[in-house]
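Number of protein chains: 2
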Amino acid sequence: MSKLLIVGTVAFDAIETPFGKTDKILGGAATYIGLSASQFGIESGIVSVVGGDFPKEYLDMLNAKNIDTTGIEIIKEGKTFFWSGKYHNDMNSRDTLVTELNVLEHFNPIVPKKFKDSGIVMLGNLHPSVQSAVLDQMTTKPKLVVLDTMNFWMDIALPALKEVIKRVDVITINDEEARQLSGEYSLVNAAVKIHEMGPKYVVIKKGEHGALLFNEGNMFYAPALPLAEVFDPTGAGDTFAGGFTGYLAKTEDISFNNMKNAVIYGSNLASFCVEKFGTERMVDLSKAEVERRLHQFKQLTQFEIELM
Amino acid sequence: MSKLLIVGTVAFDAIETPFGKTDKILGGAATYIGLSASQFGIESGIVSVVGGDFPKEYLDMLNAKNIDTTGIEIIKEGKTFFWSGKYHNDMNSRDTLVTELNVLEHFNPIVPKKFKDSGIVMLGNLHPSVQSAVLDQMTTKPKLVVLDTMNFWMDIALPALKEVIKRVDVITINDEEARQLSGEYSLVNAAVKIHEMGPKYVVIKKGEHGALLFNEGNMFYAPALPLAEVFDPTGAGDTFAGGFTGYLAKTEDISFNNMKNAVIYGSNLASFCVEKFGTERMVDLSKAEVERRLHQFKQLTQFEIELM
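Chains A and B supply the protein sequences, listed in that same order. The opening position of the first sequence corresponds to residue 1 in the working numbering, with each subsequent residue numbered one higher. The opening position of the second sequence corresponds to residue 1 in the working numbering, with each subsequent residue numbered one higher.
Certain hints may be false.
Just so you know, same-sequence chains aren't split out, so a pair can sit in one copy or run between any two.
Said to hold, decoys possible - Simulated pairs of lysine to any residue, SDA-like, Cα-Cα distance not exceeding 20 Å:
1) Lys193 to Leu225
2) Lys200 to Glu252
3) Lys298 to Asn215
4) Lys86 to Tyr185
5) Lys276 to Asn189
6) Lys298 to Gly217
7) Lys298 to Leu225
These are computed hints drawn from the structure, not numbers from a lab.
One chain only, chain A, in its complex shape (with noise of 0.2 Å):
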């Protein structure tokens, strides 16, 4: 068992979908990484920064989910980052209403120490210099270090984000940053140019059509579940991300064969992310049922075939 570092924000979100909207909701892509990577028993981390608002139940909640939060900066008179967005009916799509920065500005990330030898390392969607401080301050080389990012860095911090895409072994984002961050339409080809720039693995996401992992030549496909329902996709990469890097702080194992079975968890504790509001499917998921849908994707996508 590996110890997990996340780093990320740790938010309040407002959302409106087609089914309702929400109040400040607990939300962040360390949250959603955290509660995901929680299923599999490991040691794990958060380092973010809240606002003296944020409610201390939700630092407790973590805690009890054995979620390390003492790398979480409290700024007692600063403001919780706040990001509010509605949902279009296909759910595919989102605007953004509000998106406050706060306590985030300046955010300057400290590692605890006893995080700084951890295995493996999450560099939750922030700006590319806060996941390269991150990495800076470890003290011992991770085995795995998994970065996920988005199109908005790319199009405003593109050099600094190739810096520390540099530094990490798997790089998770989705088609459409895919193909921004490499110039090529085809996913395939996608994935060696982003190769090219450093991570062995590149993750792409493809929301409700699953998501590709590719290493050297390899390719592994992880069908999204179907579901009658999307209530609210908020999160679901995030907890993607989480379930990967869980399962594979859970098992050691960073090989090709083992980083399937990584992706399929990861497409698994997606699947019930997008069942409720935020997190809050999330906060009550058992073992039982992480385990009962497994076997659904087993089901789904596993076959016997002889040859003609």
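Given the coordinates of chain A, assemble chain B onto it according to the supplied hints.
Relative to chain A, chain B alone:
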């Protein structure tokens, strides 16, 4: 081994993609279905109609692949159905430039005597009344009837389409068409509604995102093989249907488990179809190539997971 009866267009296509354009080349749903199914070394026959302008060498080529063409009526004074289309840069959408129905306008399908007891009937995309007329001529109830259709018939002949849908075991349809036919956005819900219209099995084709097979609560997902380059998507859906029905005709096992294999073979064969213009890749395709690609599909989808 069951006989496979194929009904559909045999046509001329002129295709333009970002990679180039063709003059009138061999096309048509039944052509693609037949070529794809011929990989399984089965006995198949096409019911269709062409004009006096249709080259005998095309019929010879089909015959050489054990595809019976006695059901392809030749109207000497008529012209063969002609379709011309231009694909956009993303290859996922196209504009139809020309549709000349010609001999197809008054097509009266005649099933040759030796195919009236076919075990498997593949009703390619055509006017639903033509599809029904073929079923009316069967003297023995087929083991399996598979129907392909498109939004065009939903727009102009919905009652006739619903009549023939009642009579089939499997429907293959793309995602947008499934939504239109069912009035449901979620594909899971769409499959339930279409299931209620008659077919025990619903196959929803999602192009580059693969295909879903639904049957009474069971789901199976076959990805499309991620390709560096999609040269020409024309005929991919029909090639999928040909692989699906050809494999079932060969194995004579219409259980859900074996239908999973059929869907994989459909995806397998479709992945070749798009590599060259029109039917070019399918005409020369070898069994060894198909078997190698089956291995790639296994690498792409199969995993061995242990519970947490």
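Hints, one by one, checked against the model:
no., hint, in the structure
1, Lys193 to Leu225, "between (29 Å within a copy, 19 Å between copies)"
2, Lys200 to Glu252, "within (17 Å within a copy, 44 Å between copies)"
3, Lys298 to Asn215, "between (22 Å within a copy, 16 Å between copies)"
4, Lys86 to Tyr185, "between (28 Å within a copy, 18 Å between copies)"
5, Lys276 to Asn189, "between (35 Å within a copy, 18 Å between copies)"
6, Lys298 to Gly217, "between (24 Å within a copy, 15 Å between copies)"
7, Lys298 to Leu225, "both (11 Å within a copy, 19 Å between copies)"
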